[in-house]
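What follows is each chain in one-letter form.
2 protein chains.
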Amino acid sequence: MSAIPIDTGRREQVAAALRARLPERSVLSDPEDTRPYECDGLAAYRQLPMIVTLPSNEDEVLAILNVCRELNVPIVPRGAGTGLSGGALPILDGVVISTARLNRIVRVDAYARTAIVQPGVRNLAISEACAQYGLYYAPDPSSQIACTIGGNVAENSGGVHCLKYGLTVHNVLRVRVATIDGEIIELGSEALDAPGLDLLAVFIGSEGMLGIVTEVTVKLVPKPATAQVIMASFDDVVTGGDAVASVIAAGIIPAGLEMMDRMSVRMVEPFVKAGYDTDAAAILLCEADGTALEVAEEIERMTRVLRSAGATAIAVSQSEAERMRFWSGRKNAFPAAGRISPDYYCMDGTIPRKKLAQVLTGIEEMERTFGLRCSNVFHAGDGNLHPLILFDANQPGEFERAEAFGAAILALCVEVGGTITGEHGVGMEKINSMCVQFGRKELDMFLAVKRAFDVPMLLNPDKAIPTPHRCAEFGKMHVTKGALPFADLPRF
Amino acid sequence: MSAIPIDTGRREQVAAALRARLPERSVLSDPEDTRPYECDGLAAYRQLPMIVTLPSNEDEVLAILNVCRELNVPIVPRGAGTGLSGGALPILDGVVISTARLNRIVRVDAYARTAIVQPGVRNLAISEACAQYGLYYAPDPSSQIACTIGGNVAENSGGVHCLKYGLTVHNVLRVRVATIDGEIIELGSEALDAPGLDLLAVFIGSEGMLGIVTEVTVKLVPKPATAQVIMASFDDVVTGGDAVASVIAAGIIPAGLEMMDRMSVRMVEPFVKAGYDTDAAAILLCEADGTALEVAEEIERMTRVLRSAGATAIAVSQSEAERMRFWSGRKNAFPAAGRISPDYYCMDGTIPRKKLAQVLTGIEEMERTFGLRCSNVFHAGDGNLHPLILFDANQPGEFERAEAFGAAILALCVEVGGTITGEHGVGMEKINSMCVQFGRKELDMFLAVKRAFDVPMLLNPDKAIPTPHRCAEFGKMHVTKGALPFADLPRF
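For the record, the sequence lines run as chains A and B. According to full-length UniProt numbering, the residues represented by the first sequence are 1 to 492, in order. According to full-length UniProt numbering, the residues represented by the second sequence are 1 to 492, in order.
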């Protein structure tokens with residue numbers, strides 16, 4: 001909760017200007033009403049916004065942008081608020097634009113295999129709307145029941161199937177965007193390539209810094225005829241990590257390739273009863289999808305590779321119900337953590353696949369260094385880790401230790417050639433880690449491109465891309481502890 | 001050839017500054033030496049450059065950029081010069097940076113499946129260098145024997161396999177770039193996603209306007225165990241076009257899906273003896289690759305779909321030699337055109353797949369309107385057309401008619417929801433068509449992003465993105481003919 005009070009005079013001025021241009025009940029300024037918007041999925045950070053707006057159409061979005069530009073008010077766009085990096089954290093003197101009322105599926109074109117939807121449409125609602133044509137929208141973040149396509153565009157969301165089917169950027173064809181200048185631009189096209197600069201790719205994953213999306217054209221893919229999943233057990237995590245590399249090296253691209261370590265398995269099993277091997281040090285879930293023949297062949301090949309990579313036990317789902325049960329454990333790993341630990345901190349980093357074993361060993365060492373447990377669940381196929389650091393916020397110092405543990409994991413990811421985020425974005429949470437990931441020249445280039453879209457720098461400012469000042473402060477913070485920058489992070 | 005003479009004083013000044021910072025024989029300023037650089041694959045446009053530079057390493061690239069920035073000299077980067085849209089067309093008072101000497105394969109990592117190469121390395125040389133590991137670099141433009149990876153990055157090149165394996169943007173992980181400020185930045189990473197703005201995607205296809213690439217990290221993929229290709233005949237092009245849609249609608253993503261109309265087939269067959277059906281109005285080539293079982297199943301499914309879509313004859317390659325022969329006809333379509341027509345103009349547009357039949361009919365009508373023949377060869381699977389307009393430059397007015405015919409095809413592409421380029425880029429050739437494709441707001445956004453990378457606007461200026469002035473002139477050109485802009489282009 002914010003300690004600094006909102007300037008009520010300013011609030012009334014901006015609210016009045018917004019109310020003059022918007023229908024009734026589209027502008028919330030009473031703290032009672034704006035309280036639900038004070039955080040997103042990264043609930044450790046909270047800030048009551050000055051005002052929340054709820055536009056119902058593109059013209060209302062433009063009206064809000066015009067008011068904010070004229071009055072120099074910073075803007076934070078917000079989908080379902082399920083983001084895990086604080087990208088939708090409000091600003092004390094800012095306006096939140098909620099896409100909650102922009103929730104219409106405009107058109108499904110089964111022939112062209114596209115759907116045009118407003119940004120507030122839920123991820124899963126798209127697949128539900130095209131199920132009748134045997135089509136679905138591929139990216140499936142864990143939050144897909146709740147999260148919106150606008151938020152997916154902002155964060156370039158992935159999911160357990162993104163190894164085979166790609167991230168949001170690979171599944172969105174076009175966006176309509178309201179700019180801070182109060183104009184509408186369209187980025188992308190239904191064609192495979194587009195002339196001009198690929199601003200669609202820049203926009204996807206830009207965390208609300210470049211414009212407000214008002215419409216999204218997504219690609220739909222045919223639902224595979226069938227799917228089966230293998231659960232393979234390993235005696236140690238390093239062997240499991242190497243097995244992932246072996247599957248990929250064999251030229252197989254599984255529809256899903258997930259790994260869970262013993263702690264995750266033991267956390268989940270009593271809760272979900274997925275049928276997991278609780279004696280294994282790690283399990284792999286490897287899915288094949290396609291026609292019955294394709295699936296049978298791929299399952300057979302994967303089984304062979306996993307066995308020779310050292311799997312101690314292998315189970316293959318024998319029915320759709322069993323397949324869903326195998327997945328339910330993985331999908332419920334985060335809620336399960338809540339049952340055994342008062343608090344948990346879900347990290348998100350990406351590493352080259354071949355470094356899996358090294359990073360897992362590193363995280364094990366960090367558990368001792370920081371005196372906290374960490375369970376590992378991850379999209380192994382694309383090297384996207386989701387370490388869950390368990391802590392108790394009521395124990396003095398544990399939250400800080402958890403944060404330092406998380407930063408150390410990210411530093412290790414960068415050290416082995418990976419990145420500080422896989423699919424959760426930078427937001428507020430990892431803005432300091434961006435100073436570790438990038439040099440000043442790259443960060444300046446990011447800011448220059450942001451300025452090309454947003455001259456007054458009002459769109460979700462101070463998120464995602466650190467300013468030189470911020471990186472200098474971050475560096476100083478470390479230097480003042482008597483060491484060089486980052487030298488106080490554990491090295492491996 | 002340029003009618004305007006180069007200012008020799010200026011040339012000597014710039015050449016001297018360059019020679020002071022570069023090794024001997026890296027700076028060409030004598031017209032005898034610079035003549036080979038006066039055009040690229042779009043040979044109808046020619047311009048002798050003021051100076052050509054041949055850097056051998058990154059430091060020399062930076063030195064050239066520093067001199068050009070200090071002396072305000074525009075720069076045109078150049079790979080093998082195989083580009084078809086004039087992207088490497090020199091500038092009268094500009095410097096060409098040739099990547100010919102930046103031709104080292106730095107490292108192949110078979111385990112990570114990546115290769116790090118300098119920009120002047122030929123596309124096919126990458127695959128040759130990793131053949132020993134059973135890996136290859138997937139994008140295969142027709143010019144792959146000659147064209148360079150730097151040029152592929154500039155144009156976001158595709159090829160006959162890009163439907164399944166993606167364009168350059170999907171196969172490049174990282175680029176090192178020398179900026180106009182004389183700095184080195186790295187865009188992208190080896191991870192699936194990267195934090196910050198996706199400037200890698202913006203850079204790929206940016207036609208040399210944002211920086212000079214000095215190193216490229218590409219993704220390698222395993223060579224499929226086997227492949228087979230179907231040749232299917234159709235009685236009319238519309239049925240053939242619809243069959244393409246049916247294959248895709250059946251959920252099949254062929255490794256290649258190419259279409260040739262009767263004129264292309266008859267042009268090619270006497271020359272290549274590919275075994276094509278010269279009685280068909282159109283033929284489709286549909287390739288399956290993968291394991292033997294996968295290929296057998298996909299060939300069987302595709303055969304079924306093609307038959308029920310109206311194929312009159314179907315032949316399946318029975319050996320690798322036959323498969324190569326089927327492809328050789330397609331790959332030699334352009335040289336074959338040279339045998340039956342003094343000149344030809346290869347267009348490149350992209351349309352939604354479902355509009356194939358409509359656009360083919362439109363092009364047929366245009367043949368009558370413009371009094372020129374057009375043979376159609378295209379990447380049907382991804383809707384990327386390559387109409388070959390045949391003409392004789394020695395007949396007065398034919399070149400102009402061919403250009404107008406090409407512009408009309410592109411206008412039709414835009415009208416049906418497609419784009420003015422598939423994989424050849426905008427360059428010089430299509431800069432006016434960009435005014436048809438985009439509104440001023442989008443073009444201004446492109447220019448703003450260009451300016452973020454290139455404040456002095458020296459990198460390949462006046463290519464790819466038209467200025468407001470240029471679009472105004474283009475509009476006026478059409479208006480002065482007594483009609484609204486573009487109204488003098490044939491409409492369908």
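Check before you lean on any hint, since a few could be wrong.
Any copy will do: because identical chains look the same in the list, a pair fits if it lies in one copy or spans two.
[Unchecked claim] With a cut-off of at most 30 angstroms between alpha-carbon atoms, the simulated DSSO-like pairs for lysine-lysine come out as follows:
no.: 1; residue 1: Lys223; residue 2: Lys164
no.: 2; residue 1: Lys219; residue 2: Lys164
no.: 3; residue 1: Lys223; residue 2: Lys441
no.: 4; residue 1: Lys273; residue 2: Lys219
no.: 5; residue 1: Lys441; residue 2: Lys219
no.: 6; residue 1: Lys331; residue 2: Lys273
no.: 7; residue 1: Lys164; residue 2: Lys441
no.: 8; residue 1: Lys331; residue 2: Lys441
no.: 9; residue 1: Lys273; residue 2: Lys441
Simulated from the structure, these hints should not be mistaken for lab results.
Outcome of the hint check:
{"no.": "1", "hint": "Lys223 / Lys164", "in the structure": "both (13 angstroms within a copy, 18 angstroms between copies)"}
{"no.": "2", "hint": "Lys219 / Lys164", "in the structure": "both (15 angstroms within a copy, 15 angstroms between copies)"}
{"no.": "3", "hint": "Lys223 / Lys441", "in the structure": "neither (44 angstroms within a copy, 38 angstroms between copies)"}
{"no.": "4", "hint": "Lys273 / Lys219", "in the structure": "neither (35 angstroms within a copy, 40 angstroms between copies)"}
{"no.": "5", "hint": "Lys441 / Lys219", "in the structure": "between (35 angstroms within a copy, 25 angstroms between copies)"}
{"no.": "6", "hint": "Lys331 / Lys273", "in the structure": "within (12 angstroms within a copy, 56 angstroms between copies)"}
{"no.": "7", "hint": "Lys164 / Lys441", "in the structure": "neither (33 angstroms within a copy, 35 angstroms between copies)"}
{"no.": "8", "hint": "Lys331 / Lys441", "in the structure": "neither (39 angstroms within a copy, 43 angstroms between copies)"}
{"no.": "9", "hint": "Lys273 / Lys441", "in the structure": "neither (50 angstroms within a copy, 55 angstroms between copies)"}
The structure does not agree with the numbered hints 3, 4, 7, 8, 9 stated previously, though it agrees with the rest.
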